[in-house]
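So that you can map any letter, position 44 of the sequence shown is 44 in the UniProt record's numbering, and since no number is skipped, the others follow by simple counting.
Treat each hint with caution, since some may be false.
[Unchecked claim] DSS-like cross-link-like pairs, simulated, lysine-lysine; straight-line CA separation at most 30 Å: (1) K48 x K60; (2) K22 x K47; (3) K47 x K60; (4) K86 x K22; (5) K165 x K60; (6) K22 x K48; (7) K47 x K23; (8) K47 x K86; (9) K82 x K125; (10) K165 x K121; (11) K133 x K47.
[Claimed, not checked] The following label-pair restraints were derived from C-beta to C-beta distances: (12) E45 x K23: 39 to 47 Å; (13) G174 x W57: 33 to 41 Å; (14) D147 x N85: 13 to 21 Å; (15) C164 x D100: 19 to 27 Å; (16) K64 x E97: 19 to 27 Å; (17) E8 x D147: 14 to 22 Å; (18) R116 x C53: 20 to 28 Å; (19) S35 x K55: 14 to 22 Å; (20) K82 x D134: 13 to 21 Å; (21) I146 x N185: 21 to 29 Å.
It should be emphasised that the hints constitute simulated quantities derived from the structure, not laboratory data. Glycine residues also receive a C-beta, built at the ideal position from the N, C-alpha and C atoms.
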Amino acid sequence: MSKEANFEIQLETERLIVRSLKKEDYQNWLMEFESRNPSQHRHDEGKKDMSECTKEWFVKLIEKHQELAVNDIAYIFGVFRKSDNKHIGMIDISTLERMDFQWGRIGYTIHNQHWRLGYGKEAVKAALRIAHKDLGFHRIEAHINIDNAASIKLAESAGMKYECKREGFIFEFGEWTDNLIYFINFNDMPLFSNGN
Numbered sequence: 001m002s003k004e005a006n007f008e009i010q011l012e013t014e015r016l017i018v019r020s021l022k023k024e025d026y027q028n029w030l031m032e033f034e035s036r037n038p039s040q041h042r043h044d045e046g047k048k049d050m051s052e053c054t055k056e057w058f059v060k061l062i063e064k065h066q067e068l069a070v071n072d073i074a075y076i077f078g079v080f081r082k083s084d085n086k087h088i089g090m091i092d093i094s095t096l097e098r099m100d101f102q103w104g105r106i107g108y109t110i111h112n113q114h115w116r117l118g119y120g121k122e123a124v125k126a127a128l129r130i131a132h133k134d135l136g137f138h139r140i141e142a143h144i145n146i147d148n149a150a151s152i153k154l155a156e157s158a159g160m161k162y163e164c165k166r167e168g169f170i171f172e173f174g175e176w177t178d179n180l181i182y183f184i185n186f187n188d189m190p191l192f193s194n195g196n
């Protein structure tokens, strides 16, 4: 990927727009974080202290996102609802290895006040299309805690397949924690073939 001064990708689905954050998103972004319900389970952050997230802080965050993208380290997208432009979540795609692998990882968060409406599946499928068509990845993985049933269900609904359990894979919750690996290889999936 060439290094551009301003990285921008946007993809629209039936109900959503998945795109890079912009400075004018600040109030919308902040309001939706502040409108979260209390945590629903240990993998849901729920309400967060947003006091440090000033407009200046947000501008620096966007600049960091741009830097990560132009250096092919990570691509971070906001998820917006078309009907009212509400910021309903975030998706990130990280580069694990290029060269002969073209291998990345996806992470996703939908604010819990917008759960159970199918937005997660719609957003992740859009992000997978971006990963393949715009970013040139061949393989994308999701690394999921073994007790995170909602994330497992979302990965499967978006077309990802279970591969394995990686033991002691990530340091979380004060210990080395196992993760389940879900993946998609785009050349195996008709949805992502070159004709689409």
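If any of the earlier hints don't hold here, list their numbers in rising order. 5, 11, 12, 13, 14 and 17
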